[in-house]
Amino acid sequence: MSMNNQGRPTGIGTAGTGASGSALLPDEPLLFEIGDTEHSGVDLPEVTLTNDRLGGFGRNTRLDLAGLTEPEAMRHYVRLSRLNHSIDSGMYPLGSCTMKHNPRLNEKMARLPGFADIHPLQPVSTVQGALELMNQLSYWLMTLTNTAAVALSPKAGAHGELLGMMAIKAAQEAKGETHRRIVLVPESAHGTNPATAAFLGYSVKPIPARDDGTVDVQAVKDALSPDVAAIMLTNPNTCGLFEPQVIEIAQAVHDAGAFFYCDGANFNAIMGVVRPGDLGIDAMHINLHKTFSTPHGGGGPGAGPVVLSEALAPFAPVPFVRKGQDGLELVEHVEGKALGRVTAFHGQMGMYVRALTYMLSHGADGLAQAAEDAVLNANYVKARLEHAFSVPFPDYPTMHEALFDDSFLKGTDVSTLDFAKALIDEGFHPMTMYFPLVVHGAMLIEPTESESKQTLDRFCDVMAELATDAKSGNSARFTAAPMKAPRRRLDETRAARQPILKWERPADVPQAAE
Amino acid sequence: MRYLPHSAHERAEMLGVIGAADIEALFSAVPKSALKSFRLDLPDHSPEFMVEAHMRALANKNQAGGDGPFFVGAGAYRHHVPATVDHLIQRSEWLTAYTPYQPEISQGTLQMLFEFQTQVAKITGMDVANASLYDGSTGTAEAVLMARRLTRRSKIVLSGGLHPHYRDVVKAYLKDDADLVCLSPSPEGQGDILEHIDGNTAAIVIQTPDFYGHLRDLKGAAEAAHAQGALLIVVVTEVVSLGLLEAPGALGADIVVAEGQSIGNALNFGGPYLGLMATRKEFIRQMPGRVCGETVDADGNRGFVLTLSTREQHIRREKATSNICTNSGLCALAFSIHMGLLGEAGFVRLARLNHANAIRLADALDGVPGVTLLNQTFFNEMTIRVTQPAAGLVERLARRGILAGVPASRLLPEDPEVNNLLILAATELTTEADIAALCTALTEELA
Chain R
1 MSMNNQGRPT
11 GIGTAGTGAS
21 GSALLPDEPL
31 LFEIGDTEHS
41 GVDLPEVTLT
51 NDRLGGFGRN
61 TRLDLAGLTE
71 PEAMRHYVRL
81 SRLNHSIDSG
91 MYPLGSCTMK
101 HNPRLNEKMA
111 RLPGFADIHP
121 LQPVSTVQGA
131 LELMNQLSYW
141 LMTLTNTAAV
151 ALSPKAGAHG
161 ELLGMMAIKA
171 AQEAKGETHR
181 RIVLVPESAH
191 GTNPATAAFL
201 GYSVKPIPAR
211 DDGTVDVQAV
221 KDALSPDVAA
231 IMLTNPNTCG
241 LFEPQVIEIA
251 QAVHDAGAFF
261 YCDGANFNAI
271 MGVVRPGDLG
281 IDAMHINLHK
291 TFSTPHGGGG
301 PGAGPVVLSE
311 ALAPFAPVPF
321 VRKGQDGLEL
331 VEHVEGKALG
341 RVTAFHGQMG
351 MYVRALTYML
361 SHGADGLAQA
371 AEDAVLNANY
381 VKARLEHAFS
391 VPFPDYPTMH
401 EALFDDSFLK
411 GTDVSTLDFA
421 KALIDEGFHP
431 MTMYFPLVVH
441 GAMLIEPTES
451 ESKQTLDRFC
461 DVMAELATDA
471 KSGNSARFTA
481 APMKAPRRRL
491 DETRAARQPI
501 LKWERPADVP
511 QAAE
Chain D
1 MRYLPHSAHE
11 RAEMLGVIGA
21 ADIEALFSAV
31 PKSALKSFRL
41 DLPDHSPEFM
51 VEAHMRALAN
61 KNQAGGDGPF
71 FVGAGAYRHH
81 VPATVDHLIQ
91 RSEWLTAYTP
101 YQPEISQGTL
111 QMLFEFQTQV
121 AKITGMDVAN
131 ASLYDGSTGT
141 AEAVLMARRL
151 TRRSKIVLSG
161 GLHPHYRDVV
171 KAYLKDDADL
181 VCLSPSPEGQ
191 GDILEHIDGN
201 TAAIVIQTPD
211 FYGHLRDLKG
221 AAEAAHAQGA
231 LLIVVVTEVV
241 SLGLLEAPGA
251 LGADIVVAEG
261 QSIGNALNFG
271 GPYLGLMATR
281 KEFIRQMPGR
291 VCGETVDADG
301 NRGFVLTLST
311 REQHIRREKA
321 TSNICTNSGL
331 CALAFSIHMG
341 LLGEAGFVRL
351 ARLNHANAIR
361 LADALDGVPG
371 VTLLNQTFFN
381 EMTIRVTQPA
391 AGLVERLARR
401 GILAGVPASR
411 LLPEDPEVNN
421 LLILAATELT
431 TEADIAALCT
441 ALTEELA
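Chains R and D supply the protein sequences, listed in that same order. For what it's worth, UniProt numbering labels the leading residue of the first sequence as 1, then goes sequentially. For what it's worth, UniProt numbering labels the leading residue of the second sequence as 1, then goes sequentially.
No lab work stands behind these hints, which were simulated from the structure alone. Since the structure is predicted, the reported quantities are computational estimates derived from the model, not experimental observations. It cannot be assumed that every hint is accurate.
The calculated lysine-lysine pairs, modelled on BS3-like cross-linking and capped at a C-alpha distance of 30 Å, are [unchecked claim]:
no. : chain 1 : residue 1 : chain 2 : residue 2
1   : D       : 319       : R       : 205
2   : D       : 171       : R       : 323
3   : D       : 175       : R       : 205
4   : R       : 453       : R       : 471
5   : R       : 453       : D       : 36
Using the sequences provided together with the hints, build the complete structure.
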C-alpha cells in the first residue's frame, strides 16, 4: 500500500467519487496514445534534398514523435485545459503568489507585430519603439520605487535575485572587500533567497523572527560583522507584515558596510503607497508576473527586473537603454564595472509590453488603489476568520496576506494539507500551506485586489464552515478530499521513488513503417 | 477603475467589519515618513482605447519581420506559428493557471508537461528532460554547473562556436573562475577544443549548428571527452535542426541544452523564450528545474505530479541544485502544441524546407561579387565575408527595407577580425523573391 506525503493511505478504503471520466470532464489519453508519426496538423511543401550540406551529420535515427491533425489537436488541448483551475474560473487565495486578474488588453498589445515579430538583433534603428517601451517601463519602475537604475533583463524573480546579489558582490569586490562572505536571511524568507546566496558562494546566516513575526533590528545588529555582505529581507514579509523597523535595519546594514537586498515578491501591497527606495533598499526584484499582472501561464514565463540604488547602479548588467545622438541606444557590452549579462538578448519583452499596458491602464492613482484594495481584502478575510481560525501574529494589521496557523486543528484528525484539499471540493484553489516555515502548519491567504466582496464573503463562509466541521470531528470530509476534482490525491512518494518522466512506447505498439 | 471590483460603499462596509477607521489605519506599521509622502510623476488611470493607442504608436515605430525580406537569426529564428497554437495558449485554463503544485486541479498542465518532456527527450535522443528553463543561454549555464556537480571537477571548456551571449552568461554565472576556458571565436568552423580536455575537465560545451552555422562533429567530441572522464554538453540554438540532424543523444551527448523558441513561439524581441534541457537517466537527481512524473491517484487512476522536488529551492533552500523557481510553462505549452501538430512527419518536412531554403540562399550569395561564403556545412544559417564592415552594410540594407542578418561584430565588438562577417538565416518563410531582393541590394551596396 502506498502513502502520500502526509502518511495517509492513498489506495485503500476510499470510494471512487472523483469526477474524472465523467461526461463533461472526459479523461484524455496522452498525445502519444492518440497521435502517430504519420499524422500532421501542418501543411508544408514536400522538398527533396538532392545535394544537402549536412556534411554527413544527417539523422539516421527516428524521432518517433506523435502528430495530430488540427481538429484532433484542438480537442486534445481543450480537453486537457478543462482539468485545470485558473484565475479566470475561480479564486486563488495563494499567499506569496499574487494571483490577480490578467487583463486581456495586455495580451492583445503583446501580439502587435511591432512587438511580437521583431528580432532582438535586428538593427537598433529599426526597433526604436521597443527601446522607447523599455525606457518607459524603466521610468515607471524607478519612479514607483524611488531608485536610481533598473536592470530589466532577468527572466523571473529568482533570476532577478541572482542578478541583484551579483551586483552587490561586484560592488564589494570593486572596493576590495572580498572577505564579505556572509548573507543574512530571516527564517521566514522564500526558499529562493538562501538558494541564491549559496549559488554565489555566500554562507547563509539565519536571523530568527520575533514572537510578533517581524525582524528585530537588534538581532540584525548582533549578526552584522565586517564579513557580512548583505541582508536579504522580504518587505512586506512572508508573514504578511510590514517590517516596522525596516528603516533602522537598512541604516544598521549600511553602517556595517553591507547592502540591503529586498525581495520584492510582495510589492503588490505597497505599490504607489510606499517607495522601497525611501526605506533604504539597495536592490529589489519586481515580479512582473505577480505585481503587474502578466499571466502565470501554468508556471511561467515570468520577468524579474531589479531596481538598484545609486551605489549599485554602476554594476548593472547589460543590456540597458540610454539616450544617444540618433535616438535611443541599446548598450549591449560591458563598460566599466558592469557585471556582464545574465541572459541572451534583452530579457522578457513580451512581459514588458503587458506590464506597461497594465501600468498605463491603472495609472498612479489606480496602482495605489489596487494596493490598498489588496490590503483591505486581506484584512477583511482576517477579520472575518480570526474567530474560527488561529492568528499567529495578531499585533499588527496584516498587509496583503492573512496568515493563520493550524492550532485550531489541534485534537482533530485533520492536517493543514487535508484542510486545504477540502477547499478544492468547495471550488477554491488551496491557500499556500506550510509556508512561511516560521509558523507551524501555516496557511497563507492572499486574495489580491481582484476579488469582489461577494467572492470574499463566499470564501470566508466556506472557510468558517470547514473549520466548524473539522472541529466537530468530521474528519472524513478532509482526509478523503478532494473528491470532486478531476483526480483524487496523487501518490507523490511513488512518483519520486520510481520516476516515470516520459511516455514509453509499449512493446506491442510498433512505430509506423519508414 | 475597470479592474477593481469594490464600490466606495463596499470599501467602507469592509473597513467597518475590520474595525478600522480608514485605509491608512491598515498601514500603521509603515513609518510615517515613508507612507504616501511623495507625489509620483506618473499619469493617472486611462481608458482602454487610450492605452491601446499609446502602445500601438510604440509598436508602429518598429520594423516587423513580416514587413520585408528577413534573414536575421543568431539564436532566435522567425518561423511560422500555426493559428491553433496562439488560440489555445490564450484559453483561460492555460494562460491564467498557477504552477501545478496542487495536482488534483492541475492535471491539464501536468499532462502537457509530461508530453512536453517526452517530446524533448525524443528530439534530443536523451533519456529524460525537465519541464523547461528560462532560455537556452541560462540553460547552458545551468548545464555547466550540473556537470561540475556530477563530475566533482571544475574545468569547463567553451567552444569558439558557442553563441557569444551564451558564453557571456556562463561567464557571469561562473564569475572570475580560473577554470573556465573560453576558446576564441571560430568563424571558419575550425575546432581545437579536444586539445583542451584533461583529467580535471568537467565538461566541454559544443554548439551545433554553431554560431556561424557550421555543423560540428559530436561523436568525436563525445569520445574524446569520455576518454578523460569529462562530459559533453551539446547546445542547440535552432531546435528545428534536430528534424534533420542526428540526435545528440545518439552521438554520445551527456547533457543537451536547446533554445526552444523556434517551435511555437514568436520572436518577441528576445523573450519570453524557453530553455530545453535533457540528459541521461542516471543524472536526473542533479538536473535543475521542475520535473513532471507519472503516478496514480487514490482511486488508482493515472495522474501526473511535479516530482523529485527535493532538488529544488523551496525544499532544499541553500542546498538546492539551482535557485530557479518560475520557468517557461506557457512557452513550453506553445512548443508542445506546435510539435504535436507537426508530428514526426511535419517536423522532418519543416527541417527539410529550412535546409532547402538555406541552400538556395547560400548558392545565391555565392554568386554576389564581393561575398565569400565561409560554410562548407550548415543547416539554415551561414556566415559570409564581405568587402566592408558588415554593421554599416546591414544598416544601409535596413533603410532599403531588408533585414539582412546579424553582423558578427554586434556580438563580438572586441574582435576586429569579425568586422566584415555577416550571419544570415533562412527559414520556411524565406521566399525566392526575398533572396533575389537581398542579392540585388547586396550587389549594389558592395559595388
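Checked hints:
1. A C-alpha spacing of about 14 Å is found between residue 319 (chain D) and residue 205 (chain R), which places the hinted pair at or below 30 Å, so the restraint holds.
2. Our distance criterion of 30 Å between C-alpha atoms is met by residue 171 (chain D) and residue 323 (chain R), whose separation comes to about 28 Å.
3. Distance check on the hinted pair: residue 175 (chain D) and residue 205 (chain R) sit about 23 Å apart at the alpha-carbon level, within 30 Å; holds.
4. At most 30 Å may separate the alpha-carbon atoms for a hinted pair to count; residue 453 (chain R) and residue 471 (chain R) meet this at roughly 27 Å.
5. For the hint pairing residue 453 (chain R) with residue 36 (chain D), the CA-to-CA distance comes to about 26 Å; that is within 30 Å, so the pair holds.
The structure agrees with every numbered hint stated previously.
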